[in-house]
Each structure stands twice: as C-alpha cells, then as structure tokens.
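Novice: Here's the letter readout for the chains.
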Amino acid sequence: MAFDKMKLRDIEVWDGNFAAAQAMRQCQIDVVSAYPITPSTPIVEGYAKFLADGYVEGEFVMVESEHAAMSGCIGAAGAGGRVATATSSQGFALMVETLYQASGMRLPIVLNVVNRALAAPLNVNGDHSDMYLGRDSGWIQFDAYCPQDAYDLNFIAFRVAEDHDVRLPAMVHQDGFMTSHTAQGVHTMDDDTAYSFVGEFKPMNDMLDFEHPVTHGVQTEEDWHFEHKARQHNDLMTKVFPKIEAAFDDFEKLTGRRYNLVEKYDLDDADVVVVCMGTSVETAREVALEMREKGIKAGVLGLRVIRPFPFFQIQEALKGIKAIAALDRSSPNGAPGMLFNELAGCLFNTDTNAMLSGYVYGLGGRDLTKRHLTDLYVELQANVDAGKITTPLQQFIGVRGPKLAFL
Amino acid sequence: MSEMKKIKNLKEFSTSADRFEGANLLCPGCAHSIIVREVLNATNDDLILSASTGCLEVCTAVYPYTSWDASWIHIGFENGSTAVAGAEAMYNALKRKGRLKQPDRNPKFVSFAGDGASYDIGFQWISGCMERGHNIMHIVLDNEVYANTGGQRSSSTPIGSSATTAPAGRVSYGEKKNKKDMVAIMASHNIPYSAQVAPNKWKDMVKKIQHGMAVEGPVFINAVSPCTTEWKFDPKDTMMLTDLATDSLVFPLYEIIDGCELNITYRPKNVLPVEEYLAAQGRFKHLFKDEYKHLIGEWQKRIDANWEYLNRREEARV
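Chains as they are written, first to last, in our numbering: chain Z, 1 to 407; chain W, 1001 to 1318.
Extracted from the complex, chain W is given alone in its bound form:
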C-alpha cells in the first residue's frame, strides 16, 4: 500500500526528515529546492528519481557528492522521463520474476526536469512516456528560461520577457511568442492526472502530488519555479514572487483528471493586477517604457481570457 506523509503545518514540514539534502549548489532563493522538498515530503514510499540536465541536476550531484538520499539517475537533457520509465519497466519485470530485493516496497518513479528539458528538447520523450502509460510522474520545474546556461529563451518563456537569445533592445521588447500550454498538451494524452502547482501553496501541491502518486499511470505536473537570477528579483522575495504569480492568475492552480475533468484548486480572494507581477521582475522592466506599455494591457487581457477559459472548462466538466 502507498504510504503518504501527513504533514499538518509548516512547522512539521520544516522539521520533516529530508531525502533531498540542503547541501546543494542551487542559488539562494531558488524555488527548485523548495518544490523538490515538497514533492519528496509528500510520501514515505521509496523513490526512484531522475533529473534531466539543468540547474537541479548540476547543483545536486557533483561528484563525489550527492544531495539525494534516494536512488537518482541523470542521463541527458532530453531523456529524464524515459530514464525513470526504463527503471519502472525494470521494476515491473523483476516484480513479475520474483527478483526484487525488497518485494514489499511500493516505489514511486518521479522525473524532474526544467521547462527547457520538458517543453522543448525533451518534449517527444515525455509525450512517449505519457502515451505508453508508464506509472511515472514527470514534474516540470518551470522557470520559463534556460536558467542553467544563462537565460536563453525556451518555449515556456512568456511574451515580453527579455532572454539572452530574445533580448529586449532598441527595437525589440524581447520574447515575441506566447508560452506553450504544456499542461493542456499533456492532459490531451488522456493521462489520469495532470496539474499546475506552486510552492507557496504547499498544501495544494502536496495534495496534488499525493493524488498523482496514488493513481495508476502517468502523471504530469507543472510547477512554477521563480528564478531569482533570470527573473531578476531579490533572493529573499521568492515566495512573494510566487504569491504574485498565483494571485495575479498568471499561474492559475488547477488539475485535470483523466484528461477531461478540470478543477480549479485555488481561487485568490483578491486577484492582483498582472502589472504587479510584471513590475516585480527585472526581465519585464522594459515593458514599462512608453513604447511597450500597451503590452501590459495585452498581458492582462490574455490572463483574464485564460482564467475565463479554465472556469468554463470547470463548469462544463470537460
């Protein structure tokens, strides 16, 4: 039987035994480690983990050290999902053959990857894993940029963000394309569970992770991960940024069950203007110049439309 942790409050959470050590090389204020701790703390079950090449990987397994007190594998940039899918296949084979060393365990297979490794270069691998129905969970640490290599745009980078390969300049406002709707694409694989989560709403996140671990079949989780370095905000403000992201509805929190049943899981009491979210980050600084200010209005319209869309889906149960 699955064994999920019951953590009631932040104090219990902060003192809970960790399988992800604080000794890592992630930037001060990086949300990755917060998200990973929240995920790992959702269960007492054994874990088989992978990380695709990226910040989390290069900062947590630098030979001869490791931050992981659970089995962990990194192969490359694009194939972390397939790595745990292969491990899951081996688990099934050895279980059937009666060769597991600890046959009474109930391991969970979780793959962590950035948005570059998920939305872009690893897209096909993740799609393959979802389609084949592996009993795995893929979690995107979505900081909307190739942060590990210094801030190049990915297909998760939002319009108007300045990235090193889509910089704002004399005649450009930076990234021109809208962010890919990865949760919708993954849900379209008709997987049992997909969701968007944020580290500030940790109870919502833990509930979703536990739901995902309890279902049979592939699970996709998109976690907003504010990046102090590339979003350009003070490291102490990570949680404030995350609050702005969820409460401005730029990152609405919702889940999709069996690819068709959408539930909004967090409704901010006071919805904040998108402008506040944008104004808190250096990557959008240029949008506040006169020639680009119209983009802030367009941002608000787009976010409103998306919220409207999610609400209509929830209401229609589709």
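In isolation and in its complexed conformation, chain Z is listed as follows:
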C-alpha cells in the first residue's frame, strides 16, 4: 500500500481535533485502535479519512467500544510498535480498567483525551471530570490550551512515552469543543520534520520478536505487586520530567515554540494568582493583563503537565504570591477540589504566607467569562488587603441559584 506525504501550509486553520489527527498522521503510527465518541470523534474520523486517501500506512482498527480500543492498543503495543487512540468522557470512563493495565505493563501508548463531563446527567460539553478520573492511572498527562498545543504536545508525548528509560503511556488533553471544535491558526511542521522529531519506533520486549518470546501482564500478589507499583511511581517521579524538559528544549529548537512543565504568566511581581488548566489559562491571562491596568498585580499559573505533578515547579512559581485561587473544572463531590488539594500539598511545609482558596467552575461546558475572573481577582485582592481569606474556601462560579460556598 502506497502512502503519500501531505503538503501543509506553514499556518493551517485547524481545530484541536484536526490538529491532533494531523499530528497522529505525521507520527506514522503503526496501529490506531479506536472508537468514536463526542467530542473526540473528529480525531478518529480525520485519521480514517487520511487512511482512505492514502496518507497512512499503518493499521486502523475500528473496534466496538472504548474498552476494546485500549485493549487493542495494549495488544498492539505489546507486539511492538507505535500506537495511539483518542477518546472522551464516558468512553474514557469505560477505558479506565485498561488505562491501569497499559501503564502497569509499561506500554508507550498515546491517548488524545478531548475532555468532557461525566454523566449523570448526560452532557457532551467540556469539563475536566474525565481528565481527573485518569490522574491516578499511572499515565503521563499533558494539557493543551489551544489547537496549537494539541498539535505540538502529541509529538512531545510520543517522544517521552517511547523513551526506553520511561516506557509509560501518555495522554494529551484538550478541552471539549472549546479547543476541539474551535478553529485557530496552527503553525505546522512538514511531514519529514515532524517525523524526525519523534523518530522511528524502537521496540523493547516486543512479542513479535520470535527469537525472544516474552510474557506480558503477569500475576503478582503480596510478594511482588508493591515493588512493581513502587517502581512505576519512582519512574514517574524521577525519570519523566528530565525527558519532558529535554523534549520541550528540542521542540523549541525545531519550531521556536516553547513549552514548560508549568506555564507562568506575569508571576514575577504578582500578588494574586489564578492556577488553572485548559482553555481557562488563556482567558485568565487576558483578564490578568486587564487587572494590571486597574492596579491589581495579577498573574496566571497554568499546568502543562498534570501527571507527574510538577510539585517543586509549582512551589517555585508561587513563591512570594499573596493570594492564590485554585480553579477546578470537575465536581469534587464531597471534598475540596483536586487542584486545591494538590496546591495545598505543594505549599504546606514551605515558608509561604499565601492564602489559598478554591473555585469550582465550568461544569458541563458552562462558560467561564472574563467577568467571572475579574470578580475572582478582586476577591483575591480583598484577601490580600484584609490579610486573611474573606470568603469561604470553596466557592462555585457561574452556577444558577443562591450562591454556593462551602468550607
């Protein structure tokens, strides 16, 4: 089967889904095993069309569920080759069992997750519930804020996941609809340049090496299970960041585009900072610039990598900040938000005097407006002025009815 290269303009107008599909094509994946679900469906459709038009040489297996999609990815990755898929929300939830299996078996699969709310009630729009569901699964998690990121981070994800010192699967998250269906200018790489960044797949413990049979997915009980899990955690904690940072450096040299474990905006002299993920980072950054015109020293900290959690990078970034808001786009269902908790964990045991408050927002695709963020920065500044937190620790932004606040 012939496979053609595709000529791209330097800047293409792509939404996040198509950007991810193009990146998957350029990485010359050997097996894509996938199942469609809103809002990630266009990734799978886009890849299918590339195949139909002769731009893909690998196998495309259209399976009967997301669980089977990841199962097929695991079998293919165990066989030894480059593997990827895409999903969202309920499909991600159905995949969860296999996510743990993929990472525990140390198989470098790349999963594009177009973030969407989890039912019930059923909802197709973007929030971070599925992304949060994956946070203990042993995968590396990258977070895209826009279609350009969704394109770029796919290459970085393959590069890091497939590194023989890492051998862990990686997710590239983007916000459902806000990123996945919003077309923007995306700077592209030509096919050869893009492929050269990820390079040819180098198999390890591949089942298809018939001279060296391997056993994948063994049984361990109380004698060895803990050691396996501890080693996986060790590698996430110690080996992944250096590889990601090296990949970010190389990517910058290749494209001029710079990524960081945490993305810092105007933090150097900031008093009040919003910490958030996804498309909200860009909105917060715009509002922070406006707040500065009003005399409030506002900044934004965006997480680029969620797992492993950039603990020390966050500590360093938030040094000297007086009031911090953690924005969680997932219902905490009976607890403070994940981001609130993890930021609190970062800041505890440091000499910071920062006040930390949590905000739950945007569930089921509810807009986070500039007005919301303006009010939020004003609240943070009020905390700074009063020298204490003047609001409940957990507030809900943008929900109808009487103001909801807890803790």
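Treat the hints with caution; some may be incorrect.
[To be verified] Derived DSSO-like pairs: lysine-lysine, alpha-carbon spacing no greater than 27 Å straight-line: (1) Z:K202 x W:K1101; (2) Z:K49 x W:K1095; (3) Z:K49 x W:K1097; (4) W:K1101 x Z:K5; (5) Z:K239 x Z:K229; (6) Z:K7 x W:K1097; (7) W:K1097 x Z:K202; (8) W:K1177 x W:K1301; (9) Z:K322 x Z:K294; (10) Z:K5 x W:K1095; (11) W:K1285 x W:K1179; (12) W:K1179 x W:K1101; (13) W:K1097 x Z:K5.
Quick caveat, the hints were computed from the structure, so don't treat them as lab data.
Given the coordinates of chain Z, assemble chain W onto it according to the supplied hints.
Specialist: Quick look at chain W alone, frame taken from chain Z:
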C-alpha cells in the same frame, strides 16, 4: 508457508517439544493444560498467545515465572481476544512497513479464555474480533463455571448443575437456565471456521486446530474442559469424564465452515445415556434425588434433540 506438525500417535505426542511447560499451577487432573498442549503441538509456526484472566492465566504466569515459551499476553478478564487482535494488527502494519525482525515467519495468533471470559464478560470483545475478520483463533476452555474464583455459575453452566451462585438446596436444583449455544452464535458471524473439540479426541482436535490455523480470518473453537474441582470428580478420571461427555453427546464434536456448512466429526459407536455422564459428577449429585429425577429425563430429551438438530443441519448442508 504454514508449518503444521505431523504427530502420528500418542507416544510421539507425549515426547513432542513443548512450548507450554509442565511447570504450572493448574490442579492435578485439569484438562486446560492438556488442551493447550494439543493446540500448541498442532503447529511449528511461531505463536502469539493471550490468556484472559482465569485459571489458565493465574496458573501459568506468576511473576517471576512463566510457563510459556512463546510470546504471551494477559490484559484482563474480558479482552484477551482483542489483545491478540491488536497484536495481529501490529504484525500486519510492520509487515507492510518492512519492519518485522524476522519477516519470513508465519505467526499464528491464538487467544485462550474460559467460558466466563468468553460466554459472559468477554462476549462483546470476541464478537467484535469475529466481525472485524482478524486472522486470530479464539479458544474457549469450557469448564462451564467460574472455576478460578471458586465455582460461580456462568452462562455456560448447564441446567441442574450446582454452582456457588446457583446452589442446589432444599428448594432448588441449582442452575435454572440452559447453556448458551456459543458455537452457533459465533458461527453466525459467518466466520470461516468454528468447531467444538474435546481433549480425549486429540486427533480430531489437532485436525480442527490445523484447519483453523490454515484459513484466513477469525476462528472460534469451543473445547470441553472437565474441571476436577468444580465438576467434582477424581483427578485421575479427567479423560474418562471427557469420554462420557463426547460419547453421551452432551458435547458433540462438529465443525461449521463459513458459518453454514456443518459437519459432525465424531459419531460414538455406542452412545451412552446422559445419566451416566451426570452420575459421574458431584455437581449433579442432587439430580438423583426423587424430587429432581425428572430433570435427568429432560436432560436426555434435550441432548437427543440437539443431536437431531446437528444431524439435520449436516444433512441439509446448512
């Protein structure tokens, strides 16, 4: 080209090189290992194997040991079929791209799973694999119960069997539902080959496995696997139980080609009464009480009807 083993007799079979080691944790008298050896011994070709969670899996790959001298993968309970389907897809991709390390080989992709992992929890995954036409073989080690977890009923558990989640008791004769006809369901996917096999008829089994490995496309095999622990018989009697299963026609041996051409491959010279098969197993012991004896007659009628059905299909070539 495919390379099938030619084993003429049991002596040759017993001394043939194994890719499934005798060092495993399966119960003495378990038919699983016998079936697996017979399958693996059918070919000299390279094998990519999977096992779904279950007896075979937990007894053959306990870290840091493995019983498998061929590449093997286990993911979970329901997805062993899709695991080898993914591996098969990778093989096709690397072959096309010229990246196979040993491009001259002709590997076979075989998935082993119990009846729980096939009839119940893995049903959708297997159906998907059959429908998509992967060049794989799925083999059910059918012991009619969740044996690995201590004997819970599956949709393969037959009427009147006592299982821990469908126990015989003061007011119950145990399992109330008839066994699912998995071979017929899989054949309805119009796959090139499906068959029922039994380890006592090893030449019939090897012939079917070799047929299945030679065809292009998905193959489904249901292998009766008497379970000494859950069927409750003496471990030395496994082959006797298997003889009773095939010769009472409770497990008739047949094949279905292209979903429509049914051939009966074994016709017992002396058909044994079903009662003998039931009487040899502790799981049916309660059926011999006065209040449940009528069920034995119903069993015989059902088995007779099924045999009649298979014969009519064979005769009509459908």
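Novice: Each hint needs a verdict: does it hold in this structure or not?
Specialist: Against the structure, the hints:
{"no.": "1", "hint": "Z:K202 x W:K1101", "result": "holds (12 Å)"}
{"no.": "2", "hint": "Z:K49 x W:K1095", "result": "holds (22 Å)"}
{"no.": "3", "hint": "Z:K49 x W:K1097", "result": "holds (20 Å)"}
{"no.": "4", "hint": "W:K1101 x Z:K5", "result": "holds (26 Å)"}
{"no.": "5", "hint": "Z:K239 x Z:K229", "result": "holds (15 Å)"}
{"no.": "6", "hint": "Z:K7 x W:K1097", "result": "holds (21 Å)"}
{"no.": "7", "hint": "W:K1097 x Z:K202", "result": "holds (14 Å)"}
{"no.": "8", "hint": "W:K1177 x W:K1301", "result": "holds (16 Å)"}
{"no.": "9", "hint": "Z:K322 x Z:K294", "result": "holds (18 Å)"}
{"no.": "10", "hint": "Z:K5 x W:K1095", "result": "holds (20 Å)"}
{"no.": "11", "hint": "W:K1285 x W:K1179", "result": "holds (19 Å)"}
{"no.": "12", "hint": "W:K1179 x W:K1101", "result": "violated (44 Å)"}
{"no.": "13", "hint": "W:K1097 x Z:K5", "result": "holds (15 Å)"}
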